[in-house]
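Colleague: Now for the letters of each chain:
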Amino acid sequence: DVKVTQSSRYLVKRTGEKVFLECVQDMDHENMFWYRQDPGLGLRLIYFSYDVKMKEKGDIPEGYSVSREKKERFSLILESASTNQTSMYLCASSLPLAQRGFFGPGTRLTVL
Amino acid sequence: ELKVEQNPLFLSMQEGKNYTIYCNYSTTSDRLYWYRQDPGKSLESLFVLLSNGAVKQEGRLMASLDTKARLSTLHITAAVHDLSATYFCAVLPETSGSRLTFGEGTQLTVNP
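Protein chains in written order, with our numbering: chain W, 1 to 112; chain R, 1 to 112.
Certain hints may be false.
Each computed DSSO-like pair below joins lysine-lysine, with the alpha-carbon atoms no more than 27 Å apart [claimed, not checked]:
hint, chain 1, residue 1, chain 2, residue 2
1, W, K3, R, K56
2, W, K71, R, K41
3, W, K13, R, K41
Between beta-carbon pairs, the in silico distance windows are [claimed, not checked]:
hint, chain 1, residue 1, chain 2, residue 2, range
4, R, L9, W, E17, 33 to 41 Å
5, R, K3, W, T86, 23 to 31 Å
6, W, I60, R, H81, 33 to 41 Å
7, W, K18, R, Y22, 37 to 45 Å
8, W, S67, R, T20, 41 to 49 Å
9, W, K70, R, E58, 33 to 41 Å
10, W, R73, R, E15, 37 to 45 Å
11, W, P39, R, S26, 18 to 26 Å
12, W, P61, R, G53, 35 to 43 Å
Source of the hints: derived by calculation from the structure; they are not laboratory data. Where is the CB? At the ideal position from N, CA and C, for every residue including glycine.
Starting from the given sequences, assemble the full structure and let the hints guide the process.
Modeller: In structure tokens form, the structure reads like this:
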């Protein structure tokens, strides 16, 4: 059974903290993605990676960075968390050319 | 800027009725995806449409793609309560590599 897992389902952090969100996939997929989901805005792409150590900015990269040191793991980093980064964060993976994507369960992050 | 618009955003229907969700997009693409999201859960892939005129069906759901009109439809036949969920379409523009752009989602409620 294919799987994308995320390190936390719920996370509460304080403004200014550095936050790490981890995503692991076991399907040997080249592509990995980080989205945030907010009511009325759908899913918006933050960053994606198409290979180890490769990354590209998505539509809303400001305030975020990413790391992909191993093929199966893609980390999203909030360098200094702010309240407007309170959101649901979804990780996804796929084979090249955006074949069917698989999503993780999501991390609901609250920044106080 | 690519826009992906779903219509309606909220849909309340009775069991046994038929209805269609529309997904319009503003760029050239021949790849469109439909996902389902249950409350508090992640996204599940429903359909992958890869060419003009593509039609896919599973159970009471049927999806189609008209690339000339830049329109995809998700048709629900004889709705049942279990179909209550939020449905997202996502478009892969021709020039974007593996980057999907999602619509806002259609929240479907099927009432007994």
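Colleague: Next step is simple, just say for each hint if it's right about the structure.
Modeller: Evaluation of the provided hints:
Annotation: proposed proximity of K3 of chain W to K56 of chain R holds, straight-line Cα distance about 24 Å (limit 27 Å). Between the alpha carbons of K71 of chain W and K41 of chain R the distance comes to roughly 25 Å, so the proposed pair stays at or under 27 Å and holds. Distance hint between K13 of chain W and K41 of chain R is fulfilled; the C-alpha atoms sit about 22 Å from each other, no more than 27 Å. Take L9 of chain R and E17 of chain W: their Cβ atoms lie about 34 Å apart, and the range 33 to 41 Å holds.
K3 of chain R and T86 of chain W have their C-beta atoms about 25 Å apart, which keeps the hinted 23 to 31 Å range intact. A C-beta distance of roughly 35 Å is found between I60 of chain W and H81 of chain R, which places it inside the suggested range of 33 to 41 Å. At roughly 42 Å, the beta carbons of K18 of chain W and Y22 of chain R sit within the given window of 37 to 45 Å. The beta-carbon spacing between S67 of chain W and T20 of chain R, approximately 42 Å, falls within the hinted interval of 41 to 49 Å.
One distance hint, 33 to 41 Å for the beta-carbon pair K70 of chain W and E58 of chain R, holds here, with the actual separation near 35 Å. For R73 of chain W and E15 of chain R, the hinted distance range of 37 to 45 Å is satisfied, since their beta carbons lie about 44 Å from each other. Between P39 of chain W and S26 of chain R the CB atoms are about 23 Å apart, so this pair conforms to the stated range of 18 to 26 Å. In this structure the supplied range 35 to 43 Å holds for P61 of chain W paired with G53 of chain R, their Cβ-Cβ distance being about 36 Å.
Checked against the numbered hints above, the structure breaks none of them.
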